[in-house]
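The listed protein sequences correspond, in order, to chains A and B.
If you count by this note's numbering, then the first sequence holds residues 1 to 245, one letter each, in order.
If you count by this note's numbering, then the second sequence holds residues 1001 to 1318, one letter each, in order.
Calculated from the structure, these hints are not laboratory results.
A virtual CB, placed ideally from N, CA and C, is assigned to each residue, including glycine.
Be aware that a few hints might be false.
A partial selection of chain B residues facing chain A, derived with a Cβ cut-off under 7 angstroms [what the hints assert, rightly or not]: (1) Tyr1079; (2) Arg1101; (3) Pro1152; (4) Ala1289; (5) Trp1292.
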Amino acid sequence: MNALNTFRLRYRNVGPIYVKELHSYFNSAVAYVVIIVFLAFLGWFYASNIFLINLASLREMFETARWVLLFIIPAITMRLLAEEKKSGTIELLATKPVHDDEIVIGKFLAAWSLIAFALLPTLVYYATVASFGEIDNGPVIGGYLGLLLMAGVYVSIGLFASSITENQIVAFILGIFLIVVFFVLDKILLFVPAGLVSIFEYLGTDYHFLNMARGVIDSRDIVYFVSVLGMMLACTMVGLARRKW
Amino acid sequence: MAIAVRNLVKYYGREKAVDDISFDVQTGEILGFLGPNGAGKTTTMKIITCYMPQSSGSVEVDGIDTMADAYEVRKKIGYLPELNPLYLDMNVLEYLEYSARLHGLRNARLRQRQREMIDVCGLGDVRHKDIGELSKGYRQRVGLAQAMIHDPEVLILDEPTSGLDPNQIVEIRNLIRRLGSAKTVVLSTHILSEVQATCDRVIIIHEGSLVADGTPDELQRNFQGSESLSLEIKAPVDNAMSELFPKLRALPHVESVDFRGSEGSNHRFLLHTAKGSDVREELFHKAVAERWVLLELSRRATSLEEVFHKLTRSETIQ
Chain A
1 MNALNTFRLR
11 YRNVGPIYVK
21 ELHSYFNSAV
31 AYVVIIVFLA
41 FLGWFYASNI
51 FLINLASLRE
61 MFETARWVLL
71 FIIPAITMRL
81 LAEEKKSGTI
91 ELLATKPVHD
101 DEIVIGKFLA
111 AWSLIAFALL
121 PTLVYYATVA
131 SFGEIDNGPV
141 IGGYLGLLLM
151 AGVYVSIGLF
161 ASSITENQIV
171 AFILGIFLIV
181 VFFVLDKILL
191 FVPAGLVSIF
201 EYLGTDYHFL
211 NMARGVIDSR
221 DIVYFVSVLG
231 MMLACTMVGL
241 ARRKW
Chain B
1001 MAIAVRNLVK
1011 YYGREKAVDD
1021 ISFDVQTGEI
1031 LGFLGPNGAG
1041 KTTTMKIITC
1051 YMPQSSGSVE
1061 VDGIDTMADA
1071 YEVRKKIGYL
1081 PELNPLYLDM
1091 NVLEYLEYSA
1101 RLHGLRNARL
1111 RQRQREMIDV
1121 CGLGDVRHKD
1131 IGELSKGYRQ
1141 RVGLAQAMIH
1151 DPEVLILDEP
1161 TSGLDPNQIV
1171 EIRNLIRRLG
1181 SAKTVVLSTH
1191 ILSEVQATCD
1201 RVIIIHEGSL
1211 VADGTPDELQ
1221 RNFQGSESLS
1231 LEIKAPVDNA
1241 MSELFPKLRA
1251 LPHVESVDFR
1261 GSEGSNHRFL
1271 LHTAKGSDVR
1281 EELFHKAVAE
1291 RWVLLELSRR
1301 ATSLEEVFHK
1311 LTRSETIQ
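The shape of chain B in the complex, shown without the other chains (with noise of 0.2 angstroms):
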């Protein structure tokens, strides 16, 4: 096992920023780490890599403790932190060196090291130039290039995608699944097609606390059962909000409704209903007593997007 956390719990000041997660992460997976903004992804991550200890439980890196020994930890970590923080004035060769001088290679294995660096994440047009600069594309392959530089068993990726264009997405996401091919990686971010696009594995946290672990599909299928219904329907009112929200939300079974607008007297509407239940049905009989045309029924598949949005949403509209 590469990473193994245990009751992590963590308070800055009196705020409880991580609170009692635990996972594993298996030697050679590719893990996301999903959660909205301040959810403490950074936080757990920060921890692992040793730059501020825990405020109680544990964390195992290739079986040791972080607190026991966190400089042998640090040696087989690989870190790009939240927002790429680089050495603006120091070009890109000179930088690699440094951090591979600070791993502590030298000579030959330095040299060589730096080029594989350089090839694998396409920097050699760049090479010569100042980190400050390039642009946000090319910066966050040097981040990567410094955290690969030492050839480490584990990867810790604080949202490595994230300012960057459409395009330089995907070049990262194929360099890190290139590169994560043979190491354990953990990559924590906040766009949902991402994990779908890169991870094995997904763990999902919320407020502090883990709320889902699983593969993409598993956390899809788990949450297949509790159903949307798409559904359009014609009535002639004047405030969908007021005159049909609250007869849709009445309906047994429905857990939450969303307004999806209306044009005219044609009104949209998102129903989230629990696990295994179908109200179809009674949607169908309430539509001919209250005399609405349906132009729509659909059941729609819980995509990932859905299962995060469930999982991580504060409060849900009654």
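This is chain A alone, in the form it adopts within the complex (with noise of 0.2 angstroms):
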């Protein structure tokens, strides 16, 4: 209980962030325009193919979604420390008893949620292919957990590049190729020395994504996940902490 009550009041202001960035997105057209943007790339390709296939699965759909996530998670990280470090509110931020990983993890939670709100309508097609017929729900769990995990070590990702510019143009686009490396590691590998063969297979988020999205879910995809994630965030404070060199 006492521990409990440390750790709580060691992470109090992430809340604060939190609700702040969310509060923001949503303020702003960001939340929507990510929200709709999703939906109809989703909409689009799980009707078109739906009937082709005729077959009850969200298959295709997980497959649109993390192409739309590959650029649609720096638009949404860049501005999130880029912006704090051009218009100088970080040093409010920073002069605050607040924590650096208190205001790393409250933005990446508020970008990571964002998605997951994104996320959610996709239900609706979810619902829609269950009712055509017999629908197997290991892949379906899967492909979400899978998309989510995916989406979090792509939003840190995008943190980072924002952390360590304070133009959020650089932040973009830096955000899109550092992500895009991890996406195509596990498919250059005919380019890549048989000996490292597969160490790039395991690098590469995708491979892991569509490991859990046949339903196998798996520990070592989840343990992938979320070390690349942690790794990003801690290098995300160093960037943070750039400040006082």
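Join the two chains into one complex using the hints; note that each chain is given alone, in its own frame.
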């Protein structure tokens, strides 16, 4: 109980920062654009394929979703820290009794939640598919979980990109670049020396996502996502602390 | 003692921004931090507020070292950064709530402080407006309200009146004096009247070093010794700068001469002379010898403005 209280006190500012960022997404057009773009893309591919394939599954939707995430996530993370640096508000934040990790975690959770909110309406697609025929729930649960974890990794990468510049465009482009690197790692195995193939495959986000989307929830995939995510958040902390050098 | 700064040094790369500054601020004091732009005021304030660490030396706020426990120090300080950065897309109430939450205020206490700040800073009419829509004067009040929301013991205000019109300056100044009556306040400025109007004590820094420390009156008295003479002479010369200036400059005890303009054959100068010297007699004889007509010769008390000017002038006209 005591440890829990200490923990709550130590991270008490994550909540206010999270709320502020999420509020800022919904107060501007960002949240609605993200949700609509997401739904439109997924809906289009879902609708155009579902009758062709004639199979009750969300596989098509998940496969489209991972492409949409590639560019939509850097767009929502680019301003998180870059804007605070540019406008100088980071100085307000950093001179209050707030730990750097509270800033990073609060902002990370806000952007991640936005993606979760954008995924939420796709449950309607699930409901329709399920009404057409017998749907195998394993791949659906795995797909959603994998998508969320992969989005978490991308958000942490985008946040890192935003932490090392005060220019949002730079943060956006760098974010896309780094995310694409992680995305293609398991797709360029042909050009990789034989000894490195398994390493490249293991490092690619898509490899783990596709594993999960098959409905096999393996702890190795979860460990991969969580560790890349943690590593990127640690890098973000370093980027944020750079003012002190 | 509220703030103790000891041998503070800060390098940016190889450039020395703050060079061995030491000073104390007593509890309840309003300290004016004076210096030309780039003198190191902002850097010193950023170090006191734990935004960035110093290269060497130490800062203690209320007995707590900023390097040892920055988190505790931040709780005690309210800070208005230079240029008053704000979240323009938040409204005033939301922003004050956010600031209060980051300081750990919750529930009833939060609402109470939020209301108090709205009242004290006169933000009632704009409390539902986005900060981006507010005028500079109102934004400055929001910045002050944000700095005061957790009722800090120490207020650090970096150029709180810069960019405001004269009426707004007076308003903000009154606000600071009212708020500052129970607090320790450090405020930086390059406007001298501000210091005279608001501060109990003044520190002047120049090129990273501390060059003066005292009450506004003390500073004026200390530099009274180095007098200035206002002088107007009539002399039939074409170029006052080349013909009169060197002769005045050559007089004993004269440290520097400012040329203040001419009208026809009347020329005005301001002579700065060494401490405790009186050159009026020599000046009279000189005028007689050169056949100048002395139209005006008066001693001038040194204003704080001149103290500042003298201390922070990198080069004098020779």
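- Report the numbers of all earlier hints that the structure fails to satisfy, in ascending order. Of the numbered hints given earlier, those the structure breaks are 3, 4, 5, listed in rising order.
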